[in-house]
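**Student:** Residues per chain are reported as follows:
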Amino acid sequence: MARLTIKGVSKSFGASHAVRDVSLDVEDGELVCLLGPSGSGKSTLLRMIGGFEAPTAGNILIDAKDVTSMPPEKRPTGMVFQSHALWTHMDVFNNVAFGLKLRSLPKAEIRERAEQALALVGLADYGKRMTTQLSGGQQQRVALARSLVLEPKILLLDEPFASLDQHLRERLREEVRDIQQRLGITTLFVTHGQDEALALADRIVVMRDGRTEQIGPPDRIYREPETEFVAGFIGSMNFVRTTVKDGLSQHAAFAVPVPVADGDVVLAVRPEALSLAVTRDKATAVVHRSIDFGTHKVVDIDLADGARVKVMTSSDSDWIKGMPVEAAATAFRVFRDNRLVYEFAATSRRQNDRVFGHA
Amino acid sequence: MMPGKPAVADADWIGVVLALLLTLFIALPLIVVGTWAFSEIWRYPAVIPQQFGLRYWSLTLSRTDVWEALFLSLRLATTVTILSAVICLPAAYAFARMTFPGRNILFLSFLASHAFPKFGLLVAIAGIFLQIGLISTFWGVVLIQLVGTLMLMIWIPVAAFQNVDRRMEEAARDAGAAPLRVFWSITLPQAAPTIVAAVLLTFVATFYETEGAWLIGAPEIRTMPVLMVTFINNQIVVQYGAVLSVMLWVPSFIALMFARRVVGTGTFAKGLGA
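Residue numbers (this note's numbering), protein chains in the order written: chain A, 21 to 379; chain B, -8 to 265.
It should be emphasised that the hints constitute simulated quantities derived from the structure, not laboratory data.
As the structure is a prediction and not an experimental result, all values here were calculated from the model.
Quick reminder that beta carbons are idealized off the backbone N, C-alpha and C, glycines included.
One thing to keep in mind: the hints can contain errors.
Said to hold, decoys possible - SDA-like cross-link-like pairs, simulated, lysine to any residue; straight-line CA separation at most 25 Å:
1) K121(A) with W130(B)
2) K109(B) with E211(B)
3) K121(A) with V155(B)
Unchecked claim - Over 12 Å on every C-beta distance to chain A, these chain B residues come out as not near it, computed from the model:
4) W33
5) F43
6) T51
7) M248
To be verified - Far from chain B by the CB rule (all over 10 Å, computed), these chain A residues:
8) K27
9) S30
10) E93
11) T97
12) R131
13) A163
14) E194
15) D282
16) V298
17) K302
18) S310
19) M332
Take the sequences, apply the hints, and build the full model.
**Tutor:** Shown next, in the form of structure tokens:
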């Protein structure tokens, strides 16, 4: 099967840099999500792999073969576009069969393979329909079949479900994951939805301003974010600005030891890493409101400096607006200038706390 | 009236009245001309002709100059339309999809031929044609009518090509089609309905074009509209003009029917920017 190697790829449009010096290795059969806000360069990177944009620097290799200067029609990649980009003047069957016809295969084989591909995406009897007669989800399935039928070495998906509703999106991404694993096809998936990335990916590449912020499996991206941006982009995160003096945070509510050089830092604490206790004398916060999610409650508390912090508590606890409380962090990470400088985890698998770099 | 839907019903009535007025406005002159073509005697106070008949049809159709003019008009319109398509469609694609120096000025220059009083322009061109011996020739008229079609045949296809989704073309590249194949299999079929509309409009407009044909073509080249003008000018009998006018409806009627079948009204309107 196929390995994708991206070596120091950059892309600039005039003076603006869409992608800056990105390197990435995608293993055979791996599903990698490119995750980032709009304008982070993730789509541009995908389009460079597909051959629709030429990199201004760097190389793209598929199975150790340099494809950087190859046009899209020569590359062993298959792309599914956000707008599905089905050809509206052809019926479903011909959309899927178009690429096979270009390869001048025998008619019977074209028919067989196109029908197989349609069956794979659950649209076995839809060949005669025009694409405009299909629903949004069906159209995206046809687009997927159109790419898969050519047996690409690398499958590229550019926010394929962005225009679908939540329910359909969840169903389709599970189907895509199933098909991808069944075929064992190396896949790159661009999305700006963190839930999509967490649900699908073997590895996530978090991008921002054309650079990779962090590359890692979903659980590491979630539990061990290496930058403040990643910490805030994935999942729910509380940021508390504080000043460190003599190894101690000067924040009233989070006067925790932080063994780094004096100066301003940001404490990042997950809502589930906070515990809440009612207290009369040591109150550092008041309850603002509590939302019941059934399995758990999320309590918003207001700190003395005006910051609002989310705390996840058990569903059988009761919190009333105005209640004086004290919050304690069981785990937190400390960032300075977007870089991780210290992590503390009282109950994590790794018992020791760690200091990073020359903080 | 159904309770609960008065607003909709009101709006509908206004629409119906407007449509009726518009139809009347367009159709009434046509009906009058149509009636003239089939009447032998129709004197002032009567609303309906005193005597119907096909006498003037047989009189008109038995004239050889009418038949000559009809075939000449068809040949002219076909030649001009084909030439116009051959010149304009590639140009339209270039305007829609490529950037080159002077693109915008060149694009606007096609509008310029319609921005000035046309007759003055025609007289000037007639002067030049006189010098180079194109006056009163088939190809002279072709040239002058070609100029008139350029704007329509550039602007509408440009819009058609621009409306083709780039992602569709990229998807075809992705599936393995080289750029030329993408153009034939994706871009052209996608733009086709609008381009067909532009070609039909060009044909009909050329068929009816009078000023250029008259100024450049006279006296040898006499197209149907030119013949109609001479008939009306030289004869007191209204019926000759009316019969020719009804005959002239035929090609545009066929063209419109064909356009409706090929295009459907929605795409037609979209191609014209509605």
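**Student:** Starting from the hint list further up, note which numbers the structure goes against and sort them upward.
**Tutor:** Violated: hints 1, 10, 11, 13.
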